[in-house]
Amino acid sequence: MQRRSFLQQLGGAAVTGLGGVLPARAVRAAGPGNNMSSGTGERVLGEGRSRYNHVRVVERGSVRTMLFIADDGTQYIETRIDVAHRRSLDLDVFRTMLAGFVVHPEPRRILVLGLGGGALPGYFHERLPGLELEAVDIDPEVVRLAQGFFGVPTADPSYRVHVADARLFLQRAPADQRWDMIVLDAFRGVQVPLHLKTAEFHGEVLKRLADGGVAVANLHNVTRMYPHDRETIAAVYPSCYSFLSEAGNQTTLVASAAPARLGVYALRANARQIQPRFDDVDMLGLAARYYARRDWERAQVLRDDFPADNLAAAAERNNGSCLRGCKYR
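When the count follows the UniProt record's numbering, it moves up by one through the sequence shown with no breaks and lands on 329 for the last residue.
Hints in this document: simulated from the structure, not taken from any laboratory. Don't take each hint at face value.
[Unchecked claim] Quick list of simulated restraints, FRET-style, between CB atoms: (1) A247 / R108: 28 to 36 Å; (2) P238 / A299: 16 to 24 Å; (3) R60 / G212: 38 to 46 Å; (4) S239 / Q177: 38 to 46 Å; (5) D282 / R261: 37 to 45 Å; (6) V301 / E47: 38 to 46 Å; (7) L45 / D72: 21 to 29 Å.
[Stated by the list, open to error] Derived EDC-like pairs (lysine to aspartate or glutamate); straight-line CA-CA distance at most 20 Å: (8) K207 / E231; (9) K207 / D304; (10) K207 / E297; (11) K207 / E134; (12) K207 / D309; (13) K207 / D176.
Backbone N, C-alpha and C fix where the C-beta goes; we use that ideal spot for every residue, glycine too.
Start from the sequences and build out the full structure, keeping to the hints where you can.
Spelled out as structure tokens, the structure:
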């Protein structure tokens with residue numbers, strides 16, 4: 001089947017698309033340009049291996065980093081925090097993902113798909129009193145290390161952590177469950193699993209958004225997967241907003257359930273409204289990095305390569321740890 005062979009052809013290259021630990025989400029997340037090696041003054045705080053990841057937590061001075069380690073030994077930054085300034089975001093990619101609040105400034109319920117070290121959900125938890133926050137991660141070792149070294153709570157009713165596949169979590173949530181903001185940040189090692197990139201997956205996300213809700217995703221905008229991810233997201237959500245990162249090599253997409261688009265002045269007004277909550281980030285400057293131009297060539301929409309009733313098996317296959325033959329670049 002042509003659709004199936006297309007996804008199979010993408011294989012490991014899917015890493016360059018959506019989100020967090022990749023040359024895409026790179027910076028925050030990782031990428032060949034973000035390699036990190038142990039050196040003088042750096043100490044290992046913790047380490048874990050699972051069928052999904054090899055994870056290491058290191059610290060140098062007050063900077064603490066969660067690394068995903070590829071089969072070839074390459075280290076990718078998954079999360080980085082400055083423990084002396086826990087209420088601030090250390091990485092450009094995380095600061096740019098605050099663009100979700102430029103479109104939807106007052107979410108009451110947020111779901112983060114992909115916990116990692118918990119820097120972004122932890123920032124939300126610290127700065128948005130009364131927020132109902134949930135985070136989902138497939139890897140119990142990632143959750144263990146995040147709770148042990150990055151301040152992710154183990155028993156806080158306002159910040160709940162679930163160990164599950166992101167798409168299966170959405171599918172199995174109560175039928176009336178909705179969130180105002182869903183952050184897409186799930187990875188298998190340094191890859192976004194294919195079943196978390198397709199139009200069918202984004203359709204599940206859209207169904208779980210409350211009225212006017214938004215989905216937030218970070219894309220590395222110089223990779224061959226970028227046009228496919230853009231085309232797929234554009235095909236599903238009623239409206240979409242693009243925000244350039246500070247470095248310019250990443251784009252945060254804010255996909256909205258609301259068909260009516262906000263104008264530039266409305267985005268700026270939202271940025272001013274939320275600025276007191278995020279006083280370490282220039283929210284007006286972030287709003288100014290919004291752009292409306294189409295910056296990708298026409299590409300194929302990504303589709304599931306499995307029957308709808310076979311999601312659990314497909315998720316199990318896609319979430320399996322990357323073997324030696326996997327392409328990371």
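We went through each hint and held it up to the structure:
{"no.": "1", "hint": "A247 / R108: 28 to 36 Å", "verdict": "holds, 32 Å"}
{"no.": "2", "hint": "P238 / A299: 16 to 24 Å", "verdict": "holds, 20 Å"}
{"no.": "3", "hint": "R60 / G212: 38 to 46 Å", "verdict": "holds, 42 Å"}
{"no.": "4", "hint": "S239 / Q177: 38 to 46 Å", "verdict": "violated, 23 Å"}
{"no.": "5", "hint": "D282 / R261: 37 to 45 Å", "verdict": "violated, 23 Å"}
{"no.": "6", "hint": "V301 / E47: 38 to 46 Å", "verdict": "holds, 39 Å"}
{"no.": "7", "hint": "L45 / D72: 21 to 29 Å", "verdict": "holds, 23 Å"}
{"no.": "8", "hint": "K207 / E231", "verdict": "holds, 19 Å"}
{"no.": "9", "hint": "K207 / D304", "verdict": "holds, 17 Å"}
{"no.": "10", "hint": "K207 / E297", "verdict": "violated, 28 Å"}
{"no.": "11", "hint": "K207 / E134", "verdict": "holds, 17 Å"}
{"no.": "12", "hint": "K207 / D309", "verdict": "holds, 18 Å"}
{"no.": "13", "hint": "K207 / D176", "verdict": "holds, 10 Å"}
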